Each structure stands twice: as C-alpha cells, then as structure tokens.
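A.B. asks: We have chain A; now place chains B and C onto it with these hints.
Residue numbers (numbering that gives the first Met the number 0), protein chains in the order written: chain A, 0 to 347; chain B, 0 to 177; chain C, 0 to 167.
Bear in mind the hints are in silico, worked out from the structure with no lab data behind them.
In this text the structure is predicted, and so the values were computed from the model without any measurement.
One or more of the hints may lead you astray.
To be verified - Computed beta-carbon distance windows for the label pairs:
#1 His27/C <-> Gly58/A: 33 to 39 Å
#2 Met30/B <-> Leu274/A: 26 to 32 Å
#3 Thr325/A <-> Val141/B: 53 to 59 Å
#4 Met139/B <-> Leu274/A: 55 to 61 Å
#5 Gly174/A <-> Met15/B: 39 to 45 Å
#6 Glu180/A <-> Ser145/C: 22 to 28 Å
#7 Val11/A <-> His27/C: 39 to 45 Å
#8 Gly9/C <-> Gly174/A: 35 to 41 Å
Where a beta carbon is used, it is the ideal one built from N, C-alpha and C, also for glycine.
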Amino acid sequence: MEVELIFKISLVIVMFAISLGIAAYATYGERKFAAWFQDRMGPSNAGPWGLLQPLADGGKMFFKEDFIPAASEKFLFILAPCIAMLTALMTSAVIPWTTDVVVMGQILSVQVADLDIGILYVLGFVSIGVYGIMIGGWSSNNKYSLMGAVRASSQMISYELAMGLSLLAIIIMTGSLGLREIVDGQTGSFLGFLPNWNVFKQPLGFLLFLICAFAETNRAPFDLPECETELVGGYHTEYSSMKLGFFLFAEYINMFISSAVIATVYFGGYHFPYLNRMISDPNMLAAAGFAVFFAKIFFFIFLYMWVRWTLPRFRYDQLMHLGWKTLIPIAVLNLLLTGAVMILKDYI
Amino acid sequence: MQSLTNRSKIVSNKKMTFSESIYLVAILKGMFITIQHFFKKKVTLDYPKMKKPVVANYRGQHILKRDDQGAERCTACGLCAVACPAEAITMVAAERKKGEENLYREEKYASMYEINMLRCIFCGLCEEACPKEAIFLTDMIVSPDQQRDKFIYGKDILVEKMEKRYDTSKRQKHLLEK
Amino acid sequence: MSEILTYILGGISIATALLVVFSKNPVHSVLYLILTFFSIAGQYILLNAQFLFIVQVIVYSGAIMVLFLFVLMLLNLNKDTEPQKENMFKLMGVVAGGLLLVSIVGMLKGIGHINLPENPDSQIGMVKNLGLVLFSDYVVPFELSSILFLSGMVGAVLIGKKESTDIN
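Okay, chain A solo, but in the shape it has when bound (with noise of 0.2 Å):
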C-alpha cells in the first residue's frame, strides 16, 4: 500500500515536470519548426542551437511589467489564466503512460488514475477550460478580447458535439470508457499485416477526431479565438508578463495531452508489433513502452506545428459550417455504421 501511493504521488509529480519540460521546449520547437518550414535558421543564439531559448522567454516573461487594465474585473483577471493553466494541468491524471512496472516485488501501474469514467474526463476537464478564455476575454473589459472569448466558447461547444460522437464509435468497439482498456484493446495484428490500432478501423473517425482536437485547443487552423489579423492578440490582448505566459503554456500543454490522447486512442498508446516479445523484463517492457507512446505524441505535436505553417486560417463563418453541417452528420453517420458492424458481428 505505501510503496503504491510513493509511487502514485511521484508518478504525479514527474508527469508534472514532463507536461511543463514538454511544453517548455515546444514553444521552441514551434519556433524553429516555423523557420524551417519558412527556409529560415530559427532561434540559435541561447545555448546551443538555441536550446536555452524556453528558459530565455521564461525569464523575460516574468521580468516584464505585470500590467492590469484599470477598467478590468481585477479578481477575473487573475484567475482566468490559472483556470486554463490548472484544467491543463488536471487533464493528464487518466493517461496510461506505459505498461505495468514492478517495483518491489508489486505491480503498479503507470497511471495516475484509472476511473471508470476514462476518457469523459477527457472531454470533461477540456470543456472546462475554455472558462479561462471566456473569462480572461470578458474581464479585461476590450472588444477583441471579448470577441476572442466569444469566438472561443461557441467554437468549443461546436466541435466538441462532433469529437465526442466520433469518441462514441470507439467506445462501442472496446466496450469500455477506460483508458487502460481501449489501449489494451489495440494489441494483436488487424488484416493480418497491420498493428491492431484503432486507426485502421476507423479511419473516418480519427480524421473527425484530429480536426476537432485541433479546433479544441484553438490551433492553427482553427486559432479564431487568438487570430492576430483580426483581433490583435484575442482573449490575450489585455495580457502581459506571465499571466500572458500562462495562457501560451496552457495552449502548449493541451497540445500534448491532446496529442496523448489521440495517441491512446487511435495508435495504440504503449504498443508496437512485437514489442512485448521481443522484451521479457516487465520494467525494460514498460521503459519501451514508455519510449514508444512518446514518440508517437511527439509525432502529433510535430503534425499540429507542420499543419499550423501550412494551412491558413478559417472564415468564422465556414468555421460554423464545418463544425455544424458538416462534421457532426459524418460523426453521426460513422457513429451508425460501427453500431451496425458491431451487431452484425455476432450474427456472422
């Protein structure tokens, strides 16, 4: 019992510092990534290759002036950028980072929490964090925040109508909401040569599912609420010093769970054909393991920068269109065919 909940509570902190490390060094990632899409060097002057750049913006951040506009709900204003950097925060606690470990002599798993409600609190903890949007935009009292804010709510409510519909398929395919379960449910081969990911089954549902995460966490080319040519810096504008920075991370840190989640979901977490036999040690299995689910969230990271320096951004009004017309009749449609193939699969 005690060794489990050592184990729990340093399981809590190191996915802490991995989130903060993660979207530290993503904010430069995304910097050099854009230069290099955009034939340009990037930043290299901090450190080597610039490495110390994340450190860099962090120390300018907090050394520039804290400023709070006269007109603003002050209270709000302060606590709209730690609710989006909290619920960030809280959304990683259902992940399965990797296989069973064995540390004296028990079993433990590499999981903060694993409710029953799974990937719900997902969905859930996500939809609560465009509160720090909507209030940071209302409270700092400036019409492009408040547009921002807007834009953000009605966007949020869109698309995660058509995320959770195409979540619903999966869930009918594993039969349980657990993450744990819907990861495990992926091992094994699919056709004969494919690895049995959830992605080969529903093809359709994971292009759904990509789209929205990418309007969920207000990327490029869904970044309405925070669109620079329109509404100088969106919910942000009214924003300085490391409440501004608070906000950035939070983007960050949503862009790595999300990508956690899609990894989880759709391309089997932890697996990798042949992993598991070609490892017998159960703690090199899920140090393996570990590796491999980080290089597949790295990979989703590295899409959502390479789709941010490609696509331009949506009109407001085929933002609604895609979301309303378009992505939820096919959720729905994909939702009613896996039903009817799962029935049918019984009869066969």
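C.D. replies: Relative to the frame of chain A, chains B and C by itself:
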C-alpha cells in the same frame, strides 16, 4: 493581357467536384510542399557570426585613410562634398600648426568632417573624386541605431585607427582599372 | 472525513446559489452558478457516482453554462439597460418563489428519511451498472426523454429557420 511568365493561372468559379470540395487532397498537397521546405537548405545566415561574401569593390561604410607615418591624408579640398549627389558630406578646413606635422600630411586639413549615413547612398563618387586617396568605401556595414543623430559620423569614427589599419589595395587596383 | 466534505460542499452550494440571485452583474451570477454546479458535482464524487459527476461537469458546467455565458457576453447587459420592474411585479415574484419553497419543503417532509448507500465505495454509480439499469428497468422513461429532447431540437430548428419568402 499577355502574361510574361506563363505561370499565371486563370481563376474560374466553376463548381467543385466532390473530391475537390472535401479539400483533403489539397491539404495533403500543401503539407507535402511545406515538408519539402523543412529539409531544404536555409536561405538565411546566422548573421553576426556568419557573413555573406562580398565583392572586392563592395561599397559600405567610409574610412578616412592615414598614410604610412600615421598622418591624415585628407586636405579638406571639398571635392568629395561637391561630388556627393546626396549632399551627405560636410567639412571645415583648418591650417596645420607647427608641431602637428605628424598628424596631418599637408598644410591644410579637415578639422571637422561629417558624413550623414542616413543621406549617403553609397555610390562611391567621393572615393572617385578624392585626389589624395584619402576617402575610401569599405566592406564594413553601418551599424543600426535608435537615434537619428547617431548616424552623423564624425572624424572619431571615420578616421582610420593606426592599430587597426584597413587594407584598400584591392579597391585601389579596381579604381585604377576604371 | 467525507461527512465534513459533504457539509462544506453543501455550504458552498447554498452560498453560491444565493450569490447567483443577489449579485448585480449577470455575468457574475452565471459564474456563481457554475460554482454551484461544481459543488454539486463534488457531492456526486463523494457518493462515488463517477458517471453522474462527469455528466454534470460536461453537460451543465461545460456546455450549458458556456452557452449562458456566451449569450450574456454578447448581450452586454449592464445597469443602464436593466429594465426597472414595478413593485407589483416584485411582490408577485416573492409570492411565487415562496410558494415554490413551501412546496419543496413539503415534498421533502413527505419523503421522510432518504436511504443513502451505506458504504461510500458502492458501485451503483459506475458506468456499467448505471447503463444496465437505464437500458433494462428504466428503458421506457429513458427513450421517452430522448423523444422529448428531439422535439425540443425540432422546435429550436423551427424557430431558428429563416422565414421562407413568398416569392417561391
């Protein structure tokens, strides 16, 4: 109008086919193009550490040469100021006193010599006009600044330092060929 | 421990619910209402009703209140635009609200003692048990409520649809 490059595309408002209207092919094409640029050789340089090679007669910041004994060559004849199309050069002439022979090569010298780097167009006509081979353009780049008055370079910046001499032999050769 | 938490959460629920009514700024009211919903969600966790908790968070806090906030932000209500109600209306409101309170109190008295699950680790609130109960014992009310939602949706579409012009 006749297109000059033959690369222009005629825009049409025809109805899109189904495969076009879901945009997925177009998105994948675009992403393929960007990933090609990802691995391309970068066109920008890590500037202060690396510099682009320049030609021998590159026209950058000016320098007022001293002769081998360290005396200023400029006699304040004013030909460079007359030649300057941008009227960036001003000077005040003065007479050499006794005991200053090691400072100024001839009896007359420029007590004040200013070039406004914001006006200068780096045409190099001052260099060509100079009868005493005193003023030269170099491959040094005028450094940026925040205030306009910092761009009026006086003798403190322009006159060559003896401990850091600037080799103008290549330029001189080039000018002679002209 | 969990009893203390229950009372704390209950206190928060009541306090924030009162603040919903008493705060002048409508946006503040909505924010207090969100807090109320969260404290109720906390009560569900104490009962180990995880599914109910997350549904409360997703549906009420995550979707409905976001829409409330959205509409209030768009309307930009402030003191100048607030309509002044006559005293007669205020009196009617008090009477109506008081009647509601009386009926709720009467109802609670009629129920008598509420049977709470004895151990907090009861599995009745888990997704699987809840789903089985919903789709076997309560399948008719469940489906009926879905028809209710459908009719609500149809009504919303009907109201939201543009009036067709007479030219066609």
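A.B. asks: Next, verify each hint and record whether it holds.
C.D. replies: Hint by hint, here is what the structure shows:
1. His27/C <-> Gly58/A: 33 to 39 Å: holds (36 Å)
2. Met30/B <-> Leu274/A: 26 to 32 Å: holds (29 Å)
3. Thr325/A <-> Val141/B: 53 to 59 Å: holds (56 Å)
4. Met139/B <-> Leu274/A: 55 to 61 Å: This hint holds: roughly 60 Å between Cβ atoms.
5. Gly174/A <-> Met15/B: 39 to 45 Å: At 40 Å between Cβs, range holds.
6. Glu180/A <-> Ser145/C: 22 to 28 Å: Hint holds: Cβ distance 27 Å, inside 22 to 28 Å.
7. Val11/A <-> His27/C: 39 to 45 Å: Roughly 34 Å apart at Cβ, these two residues miss the hinted range, so it is violated.
8. Gly9/C <-> Gly174/A: 35 to 41 Å: Given a distance of about 36 Å, which is inside 35 to 41 Å, the answer is holds.
When each numbered hint is compared with the structure, a violation occurs for hint 7 only.
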